[in-house]
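2 protein chains.
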Amino acid sequence: MVNDVAVLGIGMHPFGKFENKHLKDLANTAIWNAIEDAGIHASKIQAAYVGNCLGGLLVGQESVRGQVILRHAGFKGIPIVNVENACATASTAFRMAWLSVKSGLHDVVLAVGVEKMFVGNTAKSIEALSTATDIEVCGNMGLQFTSIYAMNIRKKMDRYGWTKEDLGLVAEKNSYNGSLNPYAQFKKPLSKEEVLASKMIADPITLFMASPMGDGAAAAIVCNEKIARQLKKGNPIIRVAASELSSGHASMLESTPKESTTYTTALKAYEQAGVGPEDIDLAEVHDAMSPAELKIYEELGLCNEGDAIKLIREGRTKISGDIPVNPSGGLASRGHPVGATGLAQIAEVVWQLRGEAGKRQVRSGDGKLPRFGLTQNDGGYVEGDQAASCIHILSRV
Amino acid sequence: MVNDVAVLGIGMHPFGKFENKHLKDLANTAIWNAIEDAGIHASKIQAAYVGNCLGGLLVGQESVRGQVILRHAGFKGIPIVNVENACATASTAFRMAWLSVKSGLHDVVLAVGVEKMFVGNTAKSIEALSTATDIEVCGNMGLQFTSIYAMNIRKKMDRYGWTKEDLGLVAEKNSYNGSLNPYAQFKKPLSKEEVLASKMIADPITLFMASPMGDGAAAAIVCNEKIARQLKKGNPIIRVAASELSSGHASMLESTPKESTTYTTALKAYEQAGVGPEDIDLAEVHDAMSPAELKIYEELGLCNEGDAIKLIREGRTKISGDIPVNPSGGLASRGHPVGATGLAQIAEVVWQLRGEAGKRQVRSGDGKLPRFGLTQNDGGYVEGDQAASCIHILSRV
Chain W
786 MVNDVAVLGI
796 GMHPFGKFEN
806 KHLKDLANTA
816 IWNAIEDAGI
826 HASKIQAAYV
836 GNCLGGLLVG
846 QESVRGQVIL
856 RHAGFKGIPI
866 VNVENACATA
876 STAFRMAWLS
886 VKSGLHDVVL
896 AVGVEKMFVG
906 NTAKSIEALS
916 TATDIEVCGN
926 MGLQFTSIYA
936 MNIRKKMDRY
946 GWTKEDLGLV
956 AEKNSYNGSL
966 NPYAQFKKPL
976 SKEEVLASKM
986 IADPITLFMA
996 SPMGDGAAAA
1006 IVCNEKIARQ
1016 LKKGNPIIRV
1026 AASELSSGHA
1036 SMLESTPKES
1046 TTYTTALKAY
1056 EQAGVGPEDI
1066 DLAEVHDAMS
1076 PAELKIYEEL
1086 GLCNEGDAIK
1096 LIREGRTKIS
1106 GDIPVNPSGG
1116 LASRGHPVGA
1126 TGLAQIAEVV
1136 WQLRGEAGKR
1146 QVRSGDGKLP
1156 RFGLTQNDGG
1166 YVEGDQAASC
1176 IHILSRV
Chain R
786 MVNDVAVLGI
796 GMHPFGKFEN
806 KHLKDLANTA
816 IWNAIEDAGI
826 HASKIQAAYV
836 GNCLGGLLVG
846 QESVRGQVIL
856 RHAGFKGIPI
866 VNVENACATA
876 STAFRMAWLS
886 VKSGLHDVVL
896 AVGVEKMFVG
906 NTAKSIEALS
916 TATDIEVCGN
926 MGLQFTSIYA
936 MNIRKKMDRY
946 GWTKEDLGLV
956 AEKNSYNGSL
966 NPYAQFKKPL
976 SKEEVLASKM
986 IADPITLFMA
996 SPMGDGAAAA
1006 IVCNEKIARQ
1016 LKKGNPIIRV
1026 AASELSSGHA
1036 SMLESTPKES
1046 TTYTTALKAY
1056 EQAGVGPEDI
1066 DLAEVHDAMS
1076 PAELKIYEEL
1086 GLCNEGDAIK
1096 LIREGRTKIS
1106 GDIPVNPSGG
1116 LASRGHPVGA
1126 TGLAQIAEVV
1136 WQLRGEAGKR
1146 QVRSGDGKLP
1156 RFGLTQNDGG
1166 YVEGDQAASC
1176 IHILSRV
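Here the protein sequences come in this chain order: W and R. Take any residue in the first sequence, note its place counting from 1, add 785, and you have its number in our numbering. Take any residue in the second sequence, note its place counting from 1, add 785, and you have its number in our numbering.
Keep in mind that the hints were calculated from the coordinates and are not lab data. Check the hints yourself; a few may be wrong.
Copies of the same chain look alike in the list, so a pair counts if it works inside one copy or between any two.
[As the list claims (entries may be wrong)] Cut-off 25 Å, straight-line C-alpha distance, at most; resulting in silico cross-link-like pairs (SDA-like, lysine to any residue): (1) K861 - C923; (2) K1153 - N788; (3) K861 - L1154; (4) K1053 - I1012; (5) K1011 - L890; (6) K1011 - G889; (7) K1053 - G1086; (8) K806 - M926; (9) K1144 - R1014; (10) K1095 - R939; (11) K861 - S915; (12) K973 - E950; (13) K1053 - V922; (14) K1053 - S976; (15) K802 - E921; (16) K861 - Q929.
Just chain W, with the same shape it has in the complex (with noise of 0.2 Å):
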C-alpha cells in the first residue's frame, strides 16, 4: 500500500437527544464541521463511506442512507459506500477511508458516523439495538447487551478482586471527563457514590455505568499525507499509523485478556503502527458499560493481567495521569450513538495529538503533548462473540 494516510479534518454534532433532528440534520452538522477543520473545499472530497446502524429499522431509511445524507449535504456524484458493523460501525467507515486512500484509489476521502437514537419509542430503540446479535439465537430472546457485560464483569470481579467501588470510580472518572467536553451528551461530574446509588440495572451495573441512547453523528476527513504537509505547512500532521479489524474469535464471557479479541487485534495494530502498548500517550475505548473499561486496559496491555484496578485506584487513567483512558468522557458519559462513536473517538483523539482539547487536554508530566493515541471500537456479539473489533492509532507527525 503506497500512500502513508493523515487525518486532515474531524467534525462532530454533539452526542444527546435532538428531538426535530433526523439523520440527515444531525450528519450535515458534523460533515460540514470536518469540512471546515480540514480548511479544504468540498469538491475536494472523491469519495465518501457512511456509517449508520439503526436508520431502516428506527427511522424507516434503509439501503441508501449514506446517499441521503451526502445529497443533504450537497455532495453529488462520488462513490458513496453504505458500511455497517453494529457498534464499530463509525471506527469501519474510517477503516474503509484509510483504505482508499492507502492503496492510492482516492487522495481525499470522508468518513461518517451517524446514529438516531431517541424516537420516542424506547422499547423499538432497544429491540433494535438486539439486531446487533444473531436474532435467531439470542437477540430477541431477552439476553440484552447490558446482561452479557454485567456476566462479564461479575466473572472478571471473582477472579480478580475488582469490588463495586472499583467500577464506580471508572465512572466517576469518565463523568468527570465528559464534564469538560462540550459534545457530551452528559456533563454532570458524578461521584463514585452517586454511580453505585443509582438504578440497578444488571447487578452489578447502575444506570450511570450504563450507555444511554443517543443522536448525534461524528465524521472525519482522511487524505494523503503529501496533501496534508501541503495544506498545512509546517504544522503537525495527524498520520493513521494503523488501522485493524477482527471479528470475534473467543468468548467475551470466558476469555481471558490475551484470549481476547481485543487483544489479539491490539496486537495487529501495535505491530502496524510500530508501536507497544508503552508508547500510547492516550486511548479513547468502547465502555459501553462502563466496568468493561477496566478489562480493555489489560486486553489493550495497557498493564498486565489482574493489574487494573492499580491503574483505576492509582488514578493513572485520569485526564492528569500518566496513561489517561476516555478523556472524552468515554461512551457513558459523551455518550453512545452506536453508528457515530468510533467517528467520535477518532475526533477526541485528534483533538487530543494536537493540543485542541481545551480542558480536558491531556499532557504528560512535564507539559508535552501526547504522540500516540489509540481508539477501540467493538460491534455486536455472535453466538458469545465480539462481532466486530475496530483498532486505530493516530501519531503526531
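Could you slot chain R onto chain W? The hints should help.
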C-alpha cells in the same frame, strides 16, 4: 495500487422462492460453492465483505448480518464489513473485496451478496424496497421504482421511436436466456406477444417485464493474481480489469445517454481497463424492468444514441449475436434478490469467460470464447438521480 486482482471462484444459491431458507442458508450455499469453485481451503480467506439490503426490515437481522452469516458458514476471526448500496449492494461488496486485494491489504477475500424477500407479506417487502430512496422526499409517497422506470421508458419511446414490440423483444430474449440458466428464477421462454399481453403494471411496463421478488445469494472469491496463477497452473485467469462506483449526478428522467450516471461511470471503467465498448464481448446489465436494457445499450456505448432498437430488432444482443447482453436472463428472468444481484452478474461473466456457461455459452462467429465481459449494477435513487452505479470489467488473461 500494487496487485492485479483475479476472480478465483464464484458460487450461487439459485434465485427464486425458498420459503424455509433464511439469509444464513442462502448465503451458506453460495459461499461454499465459491470456495469449492476456487479450489482453496476456506482458511485461506482473510477478510469478507457482505452485502444485504433488507435483512433488518424483512427478517429482523440488522447490524451484524455478515458476522451471523459467516459464523454459520464456519468462519471465525476474520475482518468482516457489512456493505449496503440498495440494488448495487453486491457489486459494491465485490468492489470492496477488489480494493482489499488490489491495495495489498489482503491476498484472498470473499464477497457475498444475499437477500430474502419472500417473507409472506408482499406489502412489507415492497415497503422495504421503497427505502432505497430518500424516504422523506418520495420513498413513502407511492412513487415506487416501477413508476420511475415507466416514466423514463415512455420518454425514450417518444424521443427515439421505441415501440411496445421493442420492449417485448427484450423480455423475450432474456426469458429465453433465463430458460437456459439453472440458477434462474424463471425458466419459461416467453414470446413478445405473451410479454405484452401480461398484466399491465405501470404503462408501458407489463408483469413479465418486471423483475420479481426473490430469495437468493451469490459469492465471489478474489485474490492476488499471483496466487491465481499458482493455483490455476496454465489455465486462464479471470482478471478484474476495472472497478468503478459513482453516485448519481443526473436525473434518471431527464438525461440523454451521455448525461447518464451509467455513461460517466462506464467511461471511467473503460479507461481503467484500457478498452472501449467495442472490445466488450458480453454484458450483464441492470434491467430491473427489462425495457431499461435498451437505454443501457446506449449508456454503455454499445451503440450510438437512438440505435438501441436496431440492436434488439436485429438480434445482436442475443446469445448468438455479436454483443450478447444478459445471457443469464437478466434481472427479470434470472431474478433480482436485490442484495445478491451484483454478484450474480459477476458469476455469469466469469462462467462465460471461462467457457462454463453451458447452453447459454457466448462465442464469437469463429467459435472463440469471449475475452472481456462487463457488469453494470444500479442501486436506488435520491432526488431523481441514480444513487449508486457500479460497473466492473472482467477479462480472461
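Hint check results:
{"no.": "1", "hint": "K861 - C923", "result": "between (41 Å within a copy, 18 Å between copies)"}
{"no.": "2", "hint": "K1153 - N788", "result": "neither (28 Å within a copy, 42 Å between copies)"}
{"no.": "3", "hint": "K861 - L1154", "result": "neither (39 Å within a copy, 39 Å between copies)"}
{"no.": "4", "hint": "K1053 - I1012", "result": "between (27 Å within a copy, 24 Å between copies)"}
{"no.": "5", "hint": "K1011 - L890", "result": "both (15 Å within a copy, 21 Å between copies)"}
{"no.": "6", "hint": "K1011 - G889", "result": "both (12 Å within a copy, 20 Å between copies)"}
{"no.": "7", "hint": "K1053 - G1086", "result": "within (12 Å within a copy, 46 Å between copies)"}
{"no.": "8", "hint": "K806 - M926", "result": "between (32 Å within a copy, 21 Å between copies)"}
{"no.": "9", "hint": "K1144 - R1014", "result": "neither (28 Å within a copy, 58 Å between copies)"}
{"no.": "10", "hint": "K1095 - R939", "result": "within (18 Å within a copy, 73 Å between copies)"}
{"no.": "11", "hint": "K861 - S915", "result": "between (34 Å within a copy, 21 Å between copies)"}
{"no.": "12", "hint": "K973 - E950", "result": "within (19 Å within a copy, 71 Å between copies)"}
{"no.": "13", "hint": "K1053 - V922", "result": "neither (31 Å within a copy, 45 Å between copies)"}
{"no.": "14", "hint": "K1053 - S976", "result": "neither (37 Å within a copy, 59 Å between copies)"}
{"no.": "15", "hint": "K802 - E921", "result": "between (31 Å within a copy, 21 Å between copies)"}
{"no.": "16", "hint": "K861 - Q929", "result": "between (40 Å within a copy, 22 Å between copies)"}
Going down the numbered hints, you'll see the structure goes against 2, 3, 9, 13, 14, while the others check out.
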